[in-house]
Every structure is written in C-alpha cells, then in structure tokens.
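Novice: As you go down the protein sequences, you meet chains L and S in turn. The first sequence: position 352 = 352 (the numbering used here), numbered continuously. The second sequence: position 22 = 22 (the numbering used here), numbered continuously.
No wet-lab data here; the hints were simulated from the structure. Wrong hints could be hidden among the right ones.
Claimed, not checked - Counterexamples of contact, computed for chain S against chain L with all Cβ distances above 12 angstroms:
| no. | residue |
| --- | --- |
| 1 | Gly15 |
| 2 | Ile20 |
| 3 | His53 |
| 4 | Ala55 |
| 5 | Ala88 |
| 6 | Arg135 |
| 7 | Gly227 |
| 8 | Gly302 |
| 9 | Ala346 |
| 10 | Lys368 |
| 11 | Cys373 |
| 12 | Glu387 |
Unchecked claim - Label pairs and their computed distance ranges (CB to CB):
| no. | chain 1 | residue 1 | chain 2 | residue 2 | range |
| --- | --- | --- | --- | --- | --- |
| 13 | S | Tyr207 | L | Pro147 | 36 to 42 angstroms |
| 14 | L | Glu165 | S | Ala99 | 54 to 60 angstroms |
| 15 | S | Arg407 | L | His142 | 57 to 63 angstroms |
| 16 | S | Ser384 | L | Asp153 | 42 to 48 angstroms |
| 17 | S | Val143 | L | Lys288 | 49 to 55 angstroms |
| 18 | S | Val143 | L | Ala345 | 38 to 44 angstroms |
Predicted model, so just to flag it, every value in this text is computed and none were measured. We put the CB at the ideal spot given by N, CA and C, even for glycine.
Letter by letter, the chains look like this.
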Amino acid sequence: MTADAVIMRERGMKEGLKVGVSGVRGVVGDSFTPQLAASFAQAFGTFVGPGPIVIGRDTRVTGDMIEQAVQAGLQSVGCRPVLAGIVPTPTVLVLTQELGARGGIAITASHNPSQWNALKFVDRRGLFLSETQAEELLDVYHQQLFPSVAEMDIPEATRVPSPVESHWRRIESCVDVNAIRKRRFRVAVDCCNGVGAVHTPDFLRELLGCEVFPVLDRPTGRFEREPEPTPEHLGLLCEAVRTNHCDIGFAQDPDGDRLAIVNEQGEPIGEDLTLALAVEQVLSSHGKGPVAVNLSTSKSVEYVARRHGCEVTRTKIGEINVSETMLKIGAVVGGEGNGGVIVPAMHPCRDSYIGMALILELLAATGRSVGELRSDIPKYCMAKDKMRIRGEHAPEILRGLRRIYEGEKLNLFDGVHVDFGEQWVHARRSNTEPVIRITAEASTAEAAAALTLKVREQIESMER
Amino acid sequence: MTLRVASFGIRGKVGDSLTIRTAMDFSSAFATFSGGGRILLGRDTRYSSPMYHAAVLSSLLSAGCEVLDFGVCPTPILQFCVQRYDAAGAVSITGGHTAAGWNAISLIGADGSFLEPLGGEAVLDGFHAGEFLRRPWDQVGAVRVADDFLGPYLDAIENEVEVEAIRRADFTVLADPVGGAGCAYLEPFARRMGIKLVPINAQPSGYLAREPEPRPRSAQQMASIIGRIKGDIGFVFSSDMGRMSLVTDAGEPASEEYTFAIIASHVLNRRPGPVVTNCCTTRTIDDVAALRKVPLIKTKVGQAYVLSALMDEQGVIGGEGSGSIVLPSFSRGFDGFLMMALVLDAMAANQCPLSDLLRALPRYHIVKKKILCESSAGYRAIDSMVENARSRRNVRVDLTDGLRVDREDGWVHARLSRTEKAVRVISEAVNRKDAERHADDAIRAIRQAV
Chain L
1 MTADAVIMRE
11 RGMKEGLKVG
21 VSGVRGVVGD
31 SFTPQLAASF
41 AQAFGTFVGP
51 GPIVIGRDTR
61 VTGDMIEQAV
71 QAGLQSVGCR
81 PVLAGIVPTP
91 TVLVLTQELG
101 ARGGIAITAS
111 HNPSQWNALK
121 FVDRRGLFLS
131 ETQAEELLDV
141 YHQQLFPSVA
151 EMDIPEATRV
161 PSPVESHWRR
171 IESCVDVNAI
181 RKRRFRVAVD
191 CCNGVGAVHT
201 PDFLRELLGC
211 EVFPVLDRPT
221 GRFEREPEPT
231 PEHLGLLCEA
241 VRTNHCDIGF
251 AQDPDGDRLA
261 IVNEQGEPIG
271 EDLTLALAVE
281 QVLSSHGKGP
291 VAVNLSTSKS
301 VEYVARRHGC
311 EVTRTKIGEI
321 NVSETMLKIG
331 AVVGGEGNGG
341 VIVPAMHPCR
351 DSYIGMALIL
361 ELLAATGRSV
371 GELRSDIPKY
381 CMAKDKMRIR
391 GEHAPEILRG
401 LRRIYEGEKL
411 NLFDGVHVDF
421 GEQWVHARRS
431 NTEPVIRITA
441 EASTAEAAAA
451 LTLKVREQIE
461 SMER
Chain S
1 MTLRVASFGI
11 RGKVGDSLTI
21 RTAMDFSSAF
31 ATFSGGGRIL
41 LGRDTRYSSP
51 MYHAAVLSSL
61 LSAGCEVLDF
71 GVCPTPILQF
81 CVQRYDAAGA
91 VSITGGHTAA
101 GWNAISLIGA
111 DGSFLEPLGG
121 EAVLDGFHAG
131 EFLRRPWDQV
141 GAVRVADDFL
151 GPYLDAIENE
161 VEVEAIRRAD
171 FTVLADPVGG
181 AGCAYLEPFA
191 RRMGIKLVPI
201 NAQPSGYLAR
211 EPEPRPRSAQ
221 QMASIIGRIK
231 GDIGFVFSSD
241 MGRMSLVTDA
251 GEPASEEYTF
261 AIIASHVLNR
271 RPGPVVTNCC
281 TTRTIDDVAA
291 LRKVPLIKTK
301 VGQAYVLSAL
311 MDEQGVIGGE
321 GSGSIVLPSF
331 SRGFDGFLMM
341 ALVLDAMAAN
351 QCPLSDLLRA
361 LPRYHIVKKK
371 ILCESSAGYR
381 AIDSMVENAR
391 SRRNVRVDLT
401 DGLRVDREDG
411 WVHARLSRTE
421 KAVRVISEAV
431 NRKDAERHAD
441 DAIRAIRQAV
C-alpha cells in the first residue's frame, strides 16, 4: 500500500483516488470507476479538441473495462479513439507523435499493484502533460461543460494494425541492431505479467536476435511479483539467468517504462545502474552531449558522464520534468534512477526497450560482461530518513536549511538539494504525508547515514 | 424535454439529453439490480450505438457482470436468448423507431421481457440514488462474444409456422430493415423459410434512408417497386426489428395498425385465447377478438405494459397498433422475424395474397396528429377534456393512458408525449371524414385549454 493510501484510509476516505500531474489513478471498484474514467476522457477530449486520440493499455484485469469507458467518453466529445490495444506506455507516446494524433491516453497504473489503474494523458508532441497543462485539464474537468456532438458527427473508433512497429523502427534507427544480432546473446527477461509478456520476447528475438528465456510472461495482469523491479523482487529472474547461463537478465515493470538488470552471475546490479550503463553507451558510441536526471538519481550517472566530459543537469522529480529539461538543454540521454532510461533521439520518454537495446549494444561493442562493466563504476550508497513535522512548518524548515547550506552547490527545484561533489543530501516535503524526506548518497553507507543525520539534527534545532 | 426515463429503458437525443454519464449510470443501476449476473448486450447500427455500447459494457463489467456480447443484434433476438443463456437480463442499444439523432438503452429482464414496470422500479431508484454495485479489480466481469444463437432462434421460428407450406408457396418477399440491426439476419431467415428475398436498405448503416417508423409514409419506396418485381408481399421494419408494417402485392402500403390485426386473426384461428393490446390500437382488433369470442384486455401504451398483462391474463397474443406482436409461446418480445414468418404463414395457409387477407378485415380510418405545447399546458388541456367528456352522454371514457373517448362510430385518444413537448391525438372512425373531424375537434379543445 502506498503512503497516500494509508493516509486516505486513516482519514476514512475512499481508497487512493489521486488526481495530479501524472494523471488520475485510483483503486478500481472503490474510487476509480468507469464513470470517472469516461468523465476524464471527456475532459481530455475537450481540452485537446476534436481529432484522433491514441489509447493504449497495460495487461491489468480492469484495462478493457476502463478502455471501453475512455473510448465512449472521447467519442461523445467528438474525438476519434485510435486503439493500440495492449502496448508499452512508451509506445503510446511514440504512436501519438507518429500518427499526428491530438493526444493520447495510456491506461496503466505503471508500478502500482494490480488493484490500481490510472489514466495518463499525452499531448500532441507525444509527451505527458506538463504541470501547467495538467492543471488546465483539471479546470476543464471541474467545469463539466463538454461540447455536445450531434449523432452524425460521432467519430468511429479505429484500431492500429501493428502498434509497436513504429516504436521498434525508431529503436532500430538509434542502435546498431546488427552488432547485437551477431552476438546471439542469451537473455532472460522478467515481464511481470505485464505488457512485456506480449511484446518483449518477440522484441528480443526478432529485432535483436537474442535467445530468450522469459519468466512471468503470461499477460494476465495478475502480477506474480511486486511490480517495482527492485532487487528484492527479482529472485525468479536471477534463477533463470543462472540455470540458462544467460549473458544478462532484464526485468520490466507492468507497463514497460522501467528496466532493471541482473548480471551474468544472476545478481541484480541495482536500478540506478541501468541508467548509468545506458548513459555510458550513448556517450561512448552515439555522441557526446548534455545529460539530465532527476534530483534523486544516483551519483553513478554523474561519474559516467564526467568520464566522458559531459555535464549533468538535475531536474524536479516527475518524468515530464526530466523530459522537458532534456528537450530544453538538448540532452542526448538521461532519465530517472528508478530504471527509467530516456533517449530523446528515440523519443523523450522513459522506455525499457531502448534501455535493453542500449545495454546489449554496450555488451556487443565492448565485448565485456555486465559484471565487468558494472565494476568500472564506483559503488554509491543511499540513506533515507523522514521526519514528522507540522505541515505549516515545512516552508520555514526548508528556508532554514537553505541558509545553512548557502555556500554549497544548491538546487532548489524541489526542496533543498545540496551537492558536495562526491556526495549529496536532499530534503524535501512529501506530497502525500506530513513529513520531510531526507535522502543522501555517498560512497559508503555510513557516510550517507551521517549526511541524513546531520540534516535531521539541523531541523530538530530549528524546531526547538 | 428529450429524455424519457423508465424502468424498461431510457431514450433521448444524442449529444443532448442522452449523455454518456446518463447511459453509464443507468446501466450501472441495471447491473446492480441484476446482482452483477450474466447480461446479454446488443446494439443496432445507428452512428452513436458503438459509443453507447462501449459505455454500457464498461459499466456492466464494473459491477462484475459476465457480458455476452451479441454485437449488432435486433432487440427481439436478445429477448429470445435471455432465458436460453440463463442470463440475468439483457441490454439493447437501439434507436428503434425514433428519428435520426435519437437513441435508447432498453433493459430486458431475466424472462426476456422489457423490464416490468412493477418490478423494475428498483433500477430507477438505484439510478436516482447514484449508488451502484462495484466489484474489486479481480472480480470485474469478462466479455465473451456470442455467436451460436442464430440456429436455435430460427428453429424456434420454424416451430411457430408451417414451413413446408411457406416453401411451396415460393414467395417473393421485399424486406426493408432501414439499414438497422436486422440487416445481417434477413438472408439466413429467407433461406430457412425458402422465400426469395429482395432486400431494400439492407446495408448496415447509421444513415437512415427513410423514416425508421414503419407506416405507409415510410413504405413509399417499396410500394412503388413491388409490382414491377412481382413481389408477393413487402415488410418495412424499424431499426431494432420490433415494429413492422406491410405492403401488399398490389402496391398498397397498409397502415401499421393492420400488422397486429392480420397476425391476430391467423393465430386466433389456430389457438383461440385472450388478446392484449394498448388503449389506442385500432378497433379492428376489437372486432377480431369479438368474432372469435375471446377476451380483449387493454393496457397503457408500451411493450412492457402489454407483455405484463399478457402474462397476467395468460393471453395467446399481444400487440400494439404501432406494428408489433408478441407470442408468449415463442418469446417475451415484439419480434419482427416472427411477425414476418406469421404473415407468410397466414398467406400460405389461406392460399391468398395479402390484399385478400386485408380485405377480409373490418377496416377503419385512423388519423394520428400531434400538437406542440408545454407539458404543463398539455396536462391542463387533457384534464379539461376529461371533464368535458364525462359530461357527455353516449360516450365511454377510459383513462388507462391519457384519455380515450369511445363513440358508437369511433374513438379519439389524447395523451402527453413522453419525449417531446406535445400532445398526441389519435382518432379512428368508419370513414376518413369523421376521423379527421373528431381529431380536429380534439385539437381545437386542446388549443382552447392551452
């Protein structure tokens, strides 16, 4: 259960309806109903105007039901539903741009457990709505004044015949597919019973010439492991790598935007290393350029970028914030430390498929193993702490921290982020709980813990 | 006023009163009423029907209903199938007889009849309260496509008629389903009955090539060609195959009022028993029933009311002057295919063309008019007409649905429309002049009251 769900339950509210920048999500049958989905689809159709809208979804049991509601909602305001079916979220974004659609809707609660579902809204550029756009959409939703479309003008829904085709073509044009195919890698993949179960084995086999050993590859939407691809959930994949003597193991989340890696020994290397290795490959083979990652991404990315003489820009938390910064500064690669690789040359969104292709390209280009490549990058450790405070104190506390660390390299997009070169500490107000979250990263666990402890003491002295 | 909400269905204007939200809440209320059980779902070909289909489907799944999707399917076939599929009910999305730009969502109960006025109030209560059954994620419903129903359906139709006699008669039959739900089913029906089918407006389409209400005015196309292609009979249907009017071999478009009369005469010849109709159907039915000395029961206007009384009275046939019949031995719905089969059966059994069957019936002239007015004014007008009628001698006043005044030589009926701001007036008499005169009198009375 997510933190906000706990809060909602404590307050006796319906479980977890969350309307925000990243869309609308909730627990199906409780707060998230077909009526709500249809109404938001109407608001979105009204917001972007009449025209084609791409709809894609993950494998969740409730996906078809929500898709029907969204489809009807869009038609009722004069938009043509263009149904992509069960596809990765990045495919929805790619298709929206590729087909020149007015917008797109991805029906997926991403890494949330099975009982959740959500709508994520995509603008005509194929990017998730920005914070401002999302606020405007909410205004339209609350007005509930949707255009009325006469029967003659209701557009018919259409289907995209081979929905992943354009996504795969773009990946092909970004990476050296032939170099990968020549190596005939043995690859294990954990699809988490999500969209990967429909597309990933084919992608690895047909496009990248791999021998594939899939696990959790039935697209049931009943996730047989925790949907976040963090090391503690990847036992099955590790075993598959070992028994089949694979070169590498890949783990996806249910909608295929995040990627975790297991090395040839069958050990997870940690989600943050996915991005570090992808950055390594882009900067060494595709050309140098700026890199952008969010504030909570590991230092390992900075280490790799520095090795290539490239700058790393930190952004606010939230995929769209990373994407927009990347476009603004012309970043060649970037993303999130949670396994979200973004390559703008493919499309400015998190995509586990471009991630897999880059990592395999790296293995092919260097002839080295995952373990060897990983050992090139120094080990970083993170520490996390949270302090319960009175909500109204948060701004004052953050201002106080800002004064204390004034002489250091500060980033104030989202709370206070202090960069000490080889280590950093970040304090920010939680969106969902009355707490300040403190995160730090250093070369050892002790050093990281010392950083968070220091901030905790500073806050405590302010509270006194 | 373009929305009609009743327990057996909700009808309204697309892009206006019949919003997606209304359709979804109504379906959710029905799904709740049905306990999240198995539901059959079908639609017609109107432009908005796929949209409502998606909206309704989503709501049904959310309550945990197992949905058997019949795709494009006439309402009577869904009604026929409910019991056979052991379902809790069915939902039919169809514009029916209404004009372009309208649509409706009809609710069918576990026995296959339109949700009964007396049993379905719970649906309306749920709809108004906005409280619906919702299943958690792992108990939401699933959809299965139904595709094995047509054979048994046609078998059952065969059982109601003498197929061999129909085959021997080698009829040439024109049929016009107005591009609606019936299109794809006409060919299989014709093969079973051994008739030569001449389809008109039989490409499925949301475009309405004619008025969808079966009546002489919408049968003009067919009436003008039937002679040239030597057709024995022509059938004109509504979008949902629930209503039908006839065109004779001589090119006469018969009033839709005679559909019920022709079929009732034929059915009662074989199976005498009580007949049920609404309170503004032609007197021909009264004569048909009187001739066979069977009771005739009159109800409020609407399939649901007729069927309810039919079951109460254990009648053998029910129907309405709008061009529909139901045989409880066959199903619980007004069924265009069954009607078509029975008319062919009547022609084969009597070995005579439709024009002769019509000639054998006592015929009246019927006039249907409508006067636009605010509903409050309409109520007032009908009230004062009731008072007026009660003060007259030699007339019978009936208030089953609106006002009906019977005289020796005919009757007039006035009631408030449910879907527009208007009063509808029907007048029937032995000759056209009298029918027109009494209708005009009624309209003048309404104008005065307004």
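Novice: For every hint, state whether the structure bears it out.
Specialist: Verification of the hints:
Distance check on glycine 15(S): its Cβ comes as close as 4 angstroms (rounded) to a Cβ of chain L, failing to clear the 12 angstroms threshold; non-interface status is violated. At roughly 4 angstroms, the least C-beta separation between isoleucine 20(S) and chain L is not larger than 12 angstroms, which violates its mark as non-interface. Consistency note on histidine 53(S): stated as away from chain L, yet its beta-carbon is not over 12 angstroms from all of that chain's, at 8 angstroms minimum. Residue-level check failed: alanine 55(S) sits 4 angstroms from the nearest beta carbon of chain L, not beyond 12 angstroms.
No beta-carbon of chain L is positioned within 12 angstroms of the beta-carbon of alanine 88(S); the least distance is around 18 angstroms. The Cβ of arginine 135(S) sits about 5 angstroms from the closest Cβ of chain L, inside the 12 angstroms cut-off, so the non-interface label is violated. At the 12 angstroms boundary, the C-beta of glycine 227(S) stays outside the reach of chain L, the nearest C-beta of that chain being 35 angstroms off. In this structure glycine 302(S) is separated from chain L by more than 12 angstroms, as the shortest Cβ-Cβ distance comes to about 24 angstroms.
Every beta carbon of chain L lies more than 12 angstroms from that of alanine 346(S), the smallest distance being close to 38 angstroms; the non-interface claim holds. For lysine 368(S), the non-interface assignment is confirmed: its Cβ lies about 25 angstroms from the closest Cβ of chain L, beyond the 12 angstroms cut-off. Taking the minimum C-beta to C-beta distance to chain L, about 25 angstroms, the non-interface status of cysteine 373(S) holds against the 12 angstroms cut. Every C-beta of chain L lies more than 12 angstroms from that of glutamate 387(S), the closest at about 41 angstroms, which supports listing it as non-interface.
In this structure, tyrosine 207(S) and proline 147(L) break the distance hint of 36 to 42 angstroms, their C-beta atoms being roughly 23 angstroms apart. Under the hint 54 to 60 angstroms, the C-beta atoms of glutamate 165(L) and alanine 99(S), about 43 angstroms apart, miss the expected range. A hinted range of 57 to 63 angstroms for the beta carbons of arginine 407(S) and histidine 142(L) is consistent with their spacing of about 60 angstroms. Judged by the Cβ atoms, the range 42 to 48 angstroms given for serine 384(S) and aspartate 153(L) holds: they are separated by roughly 43 angstroms.
Hint check: valine 143(S) to lysine 288(L), Cβ distance near 52 angstroms, so the stated range 49 to 55 angstroms holds. Judged by the Cβ atoms, the range 38 to 44 angstroms given for valine 143(S) and alanine 345(L) holds: they are separated by roughly 40 angstroms.
Consistency with the previously given hints fails for numbers 1, 2, 3, 4, 6, 13, 14, ordered from lowest to highest.
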